[in-house]
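Here's the letter readout for the chains.
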Amino acid sequence: MGSPLPVLAPLAVAFVSPLLTWTVGRSGPRAAHRTAVACALLTFALLLWGYLVGGGEWALPWVPAWGLEARFALDGLATLYGLVAAGIGAVVILYSGRYIEDHLRGKGRLREARRFHALLLLFLAAMLGLATAQDLLLLFLFFDLTALVSYLLIAFDHEEEDARSAGLTALLVTAGSGVLLLAAVAWAWLDSGTLRIADIAVLPAGVAVLVAIPAAAKSAQVPLHFWLPRAMIAPTPVSAFLHSAAMVAAGVFLISRLHPILPAEVLVALVPLGFVSILVGGLIAFSADPFKRILAGSTIAQYGYVMVLLGLGDVAGASFFVAAHALAKSALFLTAGTVTEATGERSLSAVGGLARELPVLAAASLVAAAGLAGVPLTLGFFKDEVFFTALAERGALLVALGVASTITTLAYAARFWAGIFLGPRRRPAARAPVTLVFPVVLLALLLLAGGWDAIGLRAIAGKAGAGGPLALAYHLDLRLQNLLALATFLGGAILFVALRWLQPALGRLVSATGRIGPGAIFDLLVATVGRAARVLHGVDVRLLRPRLAHTLIPMAALVALAFFNQWHAAFDAGKILRADIPVFVGLAVAAGGAIATISTASDTAMVMTLTVVGFTLAALFALLRAPDVALVAALVETTFTILLLAFVMPLPSRSERAAPTRSPWLVGTSSVLAAGFAFVVTWEMLSRPAVQSVATRYTELARGEGVVGKILADYRGLDTVGETTVLALSLASVATLMRPRRKRGRR
Amino acid sequence: MTPLVQGVVRVLFLPSLVVATAFCVKGSTGTGDGFSAGLVAAIASSLVLLAFGLREARRILPLRHASAAAGIGLLVVVGSAVVPAALDGIPLEHFPRVEAEVVQLGALAVNSSLLFDAGIAAVVAGGVVFILERAATVRGREG
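Listed in order, the protein sequences are those of chains A and B.
With the working numbering, letter number 591 in the first sequence gets 579, and the count goes up by one each step, no holes.
Offset between the second sequence (1-based) and the working numbering: plus 18.
Derived by calculation from the structure, the hints in this document are not laboratory data.
Bear in mind the structure is a predicted one, so any value in this text is a computation, not a measurement.
Check the hints yourself; a few may be wrong.
[Said to hold, decoys possible] Looking from chain A toward chain B, a few residues come up when the C-beta cut is under 10 Å (computed):
#1 V573
#2 V577
#3 D616
#4 V624
#5 T626
#6 T627
#7 I630
#8 F635
#9 P638
#10 S641
#11 T713
#12 L715
#13 L719
#14 V722
#15 A723
#16 M726
The beta carbon of each residue, even a glycine, is placed where N, CA and C say it ideally should be.
Could you put together the complete structure from these sequences and hints?
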């Protein structure tokens, strides 16, 4: 490690390529597509080159005073996940050129094709950033970036209500739980004083839980799995990329990356979680009718395997599994897309017997299904070997569960393939365009090549687990792994045949649990929040005065809490000197102005009486020998009077507008409460002996005399930056509200 | 407005800008700061607006650029926090530093904190004038 180029080059290309595609895409969807394919291939090639030259590391000091830096490294784990994302991404983008054109042309949205390609590339870039990040904060940032881009991709057909709601569900589940990751990052920082993953020894168990939940949500694990089947409404290339190789992989990647510093006793909990997901995903895959929904169920189950492997501490095996699964699953997703293109159907019950009309696709897809099911001569066989090897060390129960899992995998893979390509012909198929078949063939060839000897992937996956190459090979003997594989094939075949009778019951079971499952709870939650928001809006936002009252009441409560918490009860009136008389007069005038404000008849008069209050107070500051405070007070008062008059004068007079003061008691009580507490607290504070506060000390230290300027610029300068930003924002929003309306009919 | 008021405003306008500049520059040693400077400039501009009306005021003052001034001011303020942090670590550190030799420009000690104050002044003045101009425009349309 050391040289920055191997990591910098692919990252730079990945992050420039969405912009490039967007710009080039101006001249048409074809140009955008060609650029996108070239960019993805270049990223893949650079990653491969970076791996072959031995990886690299690059760090950019960011805010050194806070110990922050942006550190990226191309290590084994980053290489594997990067190559999977870039490789599958390239194939999927290759496929999506023709697909998205057909998809968008019917809707008259052909111009958005470049947006689609740019978003896919942006997702690839986010994945690459995530894979190479060596810093907890960066990890969180890229994790969230993937969630945001996935929202835009899932809801790509934004004119459809269902697509928008599916995108929102995915965003709420994955980015919402991502907040826990931010909490984990903060906790880790407090605990170990650094954000650099390599410098952290081991994290507290609580952090591990906070990491595991968003990771499980991202990898669609039970009970947060329900976003994935809903996300199947996305265009097929999105599913083929995000929901096989990228987005769902981000979750398990997170755990793999942090595996060395997470306590193992917490990670063991991933094993039961994984098995439950295998069960639930399998049930969905057995009962669902739409192709993509079957595949979604299968993805939930397959990432359950990965979770089991991670829970058992086998990072290398998990990485290998992710790569092998990604190849097979994306090929199957693309198959589903091509079948839908050729027949116009989306469900298993509407098609059948397509092997005669689409023979090439059928063959390629058969390899992919076999790869998913772990049949020998495909890469998938090794992924099951990894799985069995990890389980075999842990006893009979896990082995039995493992075989049951692989049996279900084989059965639903067979159900998917046989349902489309075998059986009676239900619907004629158009000829599938070559560009929609070739990518599937390519992936199938890769699976077969991997089945011959998984040598390249073995080495990379081994490095991902910080060890030597995985020992994977065919052994023609009666070792446990082979027996388990045989049991899988036998059991899978039996289950596949039995599915014919089991299916109605399974379908009823899934739809019944769907009504009370986590998905239903989520929907109920969202609906409840929406209803509560509408109620609150009716109470709070519609009328201004109760709204102000609602902010005053909690304020009064907070002040009261602090006040009674530190009760000193020294209310000292002090001595009144003759020199204080002007102050009393001034205060009396201010009080008079305030009372007059309440009882004025017109808005203009109200502004003027308010001004009385303000200027009197400014004068009092001058009397108390604080000219700088007085100056600011006077200037603020003047400006506000001008602004208020400018706002108030165009309004119709009070008698002309309906004045719905529905709750004068609420307004009155809350005002009196807030003001009363402010009064009591101030009095009590001033009665205490003078305290040497930080502020006084600082003004003494400061060279000048202007207290206001000192405080604003030095003592709390960073606050001033924030306040100035808020000020500019609120001025901008006021200006936006006051924007002169355009003349009608210009549109 | 009467010619008398207009005359007074004409006479007062430039001097008040001078006062504003003085507030801004003197900020770190005497009374005044960027915030007050911005308010003075805003009040002076609103006087012009009131005395001459919107159309005439637009001719006299570059009112169109008020929002841009506020935006640039915000950039300067945020930049003066972020740039030193990115360079060597402490947000809002000013140059030359406290221990370093003071750079004199006549009687004025040049320091990058002047830029910070000027930024705040630009945000305040630009924002307030922008809103006033908007209010005047709306009023002109409706009244």
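These are the hints, each one checked on the structure:
1. Checking V573 (chain A) against chain B: minimum C-beta separation of about 25 Å lies over 10 Å; hint violated.
2. The interface hint given for V577 (chain A) is violated, since its Cβ lies 23 Å from the closest Cβ of chain B, which is over the 10 Å cut-off.
3. Because the smallest distance between the Cβ of D616 (chain A) and any Cβ of chain B comes to about 4 Å, under 10 Å, the interface hint for this residue holds.
4. With a least beta-carbon distance of about 7 Å to chain B, the hint placing V624 (chain A) at the interface is held under the 10 Å criterion.
5. At a threshold of 10 Å, the smallest CB-CB gap from T626 (chain A) to chain B is about 5 Å, leaving the interface hint in force.
6. At about 5 Å, the closest approach between the beta carbon of T627 (chain A) and any beta carbon in chain B falls short of 10 Å, and the interface hint on this residue holds.
7. With 10 Å as the threshold, the beta carbon of I630 (chain A) comes within range of chain B, its nearest partner Cβ sitting at about 5 Å, so the hint holds.
8. Look at F635 (chain A): its Cβ gets to within about 7 Å of chain B, closer than 10 Å, so that hint holds up.
9. Interface restraint check: P638 (chain A) against chain B, minimum CB-CB distance 5 Å, threshold 10 Å, status holds.
10. Taking 10 Å as the C-beta contact cut-off toward chain B, the hint placing S641 (chain A) at the interface is violated, the least distance being around 14 Å.
11. With a least beta-carbon distance of about 6 Å to chain B, the hint placing T713 (chain A) at the interface is held under the 10 Å criterion.
12. Below 10 Å, beta-carbon pairs count as interface contacts, and L715 (chain A) has one with chain B at about 6 Å; its hint therefore holds.
13. For L719 (chain A), the interface hint holds, since its Cβ comes within 10 Å of a Cβ in chain B; the closest pair sits about 3 Å apart.
14. Proximity of V722 (chain A) to chain B holds as hinted, the smallest CB-CB distance being about 6 Å (cut-off 10 Å).
15. Below 10 Å, beta-carbon pairs count as interface contacts, and A723 (chain A) has one with chain B at about 5 Å; its hint therefore holds.
16. A hinted interface residue such as M726 (chain A) counts as satisfied when its beta carbon comes closer than 10 Å to some beta carbon of chain B; here the least separation is about 4 Å, so the hint holds.
The structure shown violates the earlier hints numbered 1, 2 and 10.
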